Amino acid sequence: MKTFAIATLGCKVNTYESQNYLERLKQAGYAEVDFRDRADIYVINTCSVTNTAAAKSRQKIHQARRQNPSALIAVVGCYVQAADPADVASLQADVIIGAQGKDQLLERIENALAQKQDRPSLAPARSIHVFEALDIHEFSHQTRAFLKIQDGCNQFCSYCIIPYARGAERSIAPQQAVQIARPMAEHGHQEIVLSGIHTGRYGRDQGSDLLHLLKQLIASTPAFVRYRISSIEMNEIDDAFIAYMKSEPRIARHLHIPIQAADDEVLRAMNRPYDTAWFAQRMRFIRSQLPGISISTDMIAGFPGESEAQFTRALTLVEEELRFSFIHCFPYSRRDHTKAAAMPHHLPNAVKKERASRLGALSARLHRAYMESFIGKEADVIIEQKKEGMLFGHSSEYIPVYIPWHQDEMPKRMRVHLKALYRDGMRANEMEESS
1 MKTFAIATLG CKVNTYESQN YLERLKQAGY AEVDFRDRAD IYVINTCSVT NTAAAKSRQK
61 IHQARRQNPS ALIAVVGCYV QAADPADVAS LQADVIIGAQ GKDQLLERIE NALAQKQDRP
121 SLAPARSIHV FEALDIHEFS HQTRAFLKIQ DGCNQFCSYC IIPYARGAER SIAPQQAVQI
181 ARPMAEHGHQ EIVLSGIHTG RYGRDQGSDL LHLLKQLIAS TPAFVRYRIS SIEMNEIDDA
241 FIAYMKSEPR IARHLHIPIQ AADDEVLRAM NRPYDTAWFA QRMRFIRSQL PGISISTDMI
301 AGFPGESEAQ FTRALTLVEE ELRFSFIHCF PYSRRDHTKA AAMPHHLPNA VKKERASRLG
361 ALSARLHRAY MESFIGKEAD VIIEQKKEGM LFGHSSEYIP VYIPWHQDEM PKRMRVHLKA
421 LYRDGMRANE MEESS
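Take the sequence shown: its letters are residues 1 to 435, numbered as in UniProt numbering.
Since the hints were made in silico from the structure, they are not lab data. Keep in mind it's a predicted model, so treat the numbers as computed, not measured. Do not take every clue at face value.
[As the list claims (entries may be wrong)] In silico EDC-like pairs for lysine to aspartate or glutamate, Cα to Cα no more than 20 angstroms straight-line: (1) 102 <-> 32; (2) 56 <-> 34; (3) 26 <-> 107.
[Stated by the list, open to error] Between beta-carbon pairs, the in silico distance windows are: (4) 417 <-> 69: 11 to 21 angstroms; (5) 288 <-> 154: 43 to 53 angstroms; (6) 62 <-> 32: 47 to 57 angstroms.
Note that the Cβ used here is the ideal one computed from N, Cα and C, for glycine as well.
Modelling step: build the complete structure from the supplied sequences, incorporating the hints.
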């Protein structure tokens with residue numbers, strides 16, 4: 001029996017796609033091994049969001065070749081789509097698939113194994129408009145599953161290569177999404193995370209929207225399934241969307257809304273479609289309708305030209321008004337072939353790292369304050385693992401929750417009473433099993 005190994009770099013969409021590759025290879029009779037082991041087939045699902053991610057993708061390809069010089073190497077995804085043709089050719093991979101043709105990976109691998117010459121699948125990214133639905137039946141041994149509903153991006157933020165690596169916006173048909181979600185529920189997944197490259201733009205290419213899809217999924221799956229949105233832009237959250245969230249307890253009380261910067265001049269340089277005053281006004285509205293909701297975000301520290309005064313004002317705005325429940329903070333990383341890479345006044349790495357550290361410290365304070373507001377309250381927790389006498393999972397608000405547990409059986413879900421801060425989250429006591 002031939003063996004295969006998969007390495008996945010980058011985002012949750014890549015994780016979803018790799019799960020599809022894994023299922024299809026297993027169904028075809030191949031045996032999975034760890035990527036660090038010698039395998040007959042290596043699949044590297046690449047990332048290209050930063051120069052560092054692209055370098056790590058190349059390193060994984062070279063690692064596979066070192067481990068088994070005679071192995072078949074399949075390289076998939078953003079790195080090969082966005083890279084210069086000479087760089088792609090230098091990889092000497094047996095199968096190369098960019099943003100399109102991922103549903104043909106198994107066929108392409110088997111053709112290459114049969115010594116049929118493979119031609120790289122690298123259509124111009126901006127010409128790709130058809131969504132490839134990659135079916136997944138289950139995420140083994142996990143209570144949470146991911147469902148890819150959208151691909152591509154038309155935003156063209158100045159720092160981002162993704163529109164050129166993933167192609168134009170395109171969406172799964174609603175009925176296809178339902179057909180994938182139902183088996184996930186049948187396998188016992190308590191939560192389904194709707195994911196995409198620009199998730200909030202779902203359906204715009206079909207005359208539909210994310211709200212319509214959510215209503216269909218909720219109507220078509222069992223009542224125990226909770227839905228979570230992986231990420232959504234503020235300008236994609238209208239009043240009707242919030243009203244539906246308010247009326248539907250099966251939607252997680254957590255929105256990840258990337259702001260990227262909290263200074264208007266920096267936002268304009270990033271080509272972000274809002275200013276801080278409007279963003280703050282929408283935050284106030286969402287919280288007025290959904291008290292206690294968790295709103296997390298992404299922020300980039302040290303964007304080209306960002307002054308110390310701008311960064312300090314941004315910190316003040318975040319701490320005093322926006323008060324995100326958590327901030328994923330990153331030092332700006334130059335990405336070749338983006339507008340930001342050619343901007344003047346790039347900051348030294350030490351400055352970028354120092355600002356990211358200050359932003360991280362602020363995030364820790366805000367996260368702690370947010371969790372403290374839940375002490376004494378109840379929470380619905382989906383259990384993810386049992387270790388060292390503790391159950392671990394996340395609440396609807398995505399608070400990490402630890403529950404003392406000394407029984408052999410691990411429940412899938414529990415209603416708990418949140419008692420105190422603990423580790424990176426909260427400690428809780430069981431109230432009753434909710435399913």
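Comparing the hints with the structure gives:
| no. | hint | in the structure |
| --- | --- | --- |
| 1 | 102 <-> 32 | holds (19 angstroms) |
| 2 | 56 <-> 34 | holds (18 angstroms) |
| 3 | 26 <-> 107 | holds (13 angstroms) |
| 4 | 417 <-> 69: 11 to 21 angstroms | violated (57 angstroms) |
| 5 | 288 <-> 154: 43 to 53 angstroms | violated (31 angstroms) |
| 6 | 62 <-> 32: 47 to 57 angstroms | violated (21 angstroms) |
Of the numbered hints listed earlier, those contradicted by the structure are 4, 5, 6.
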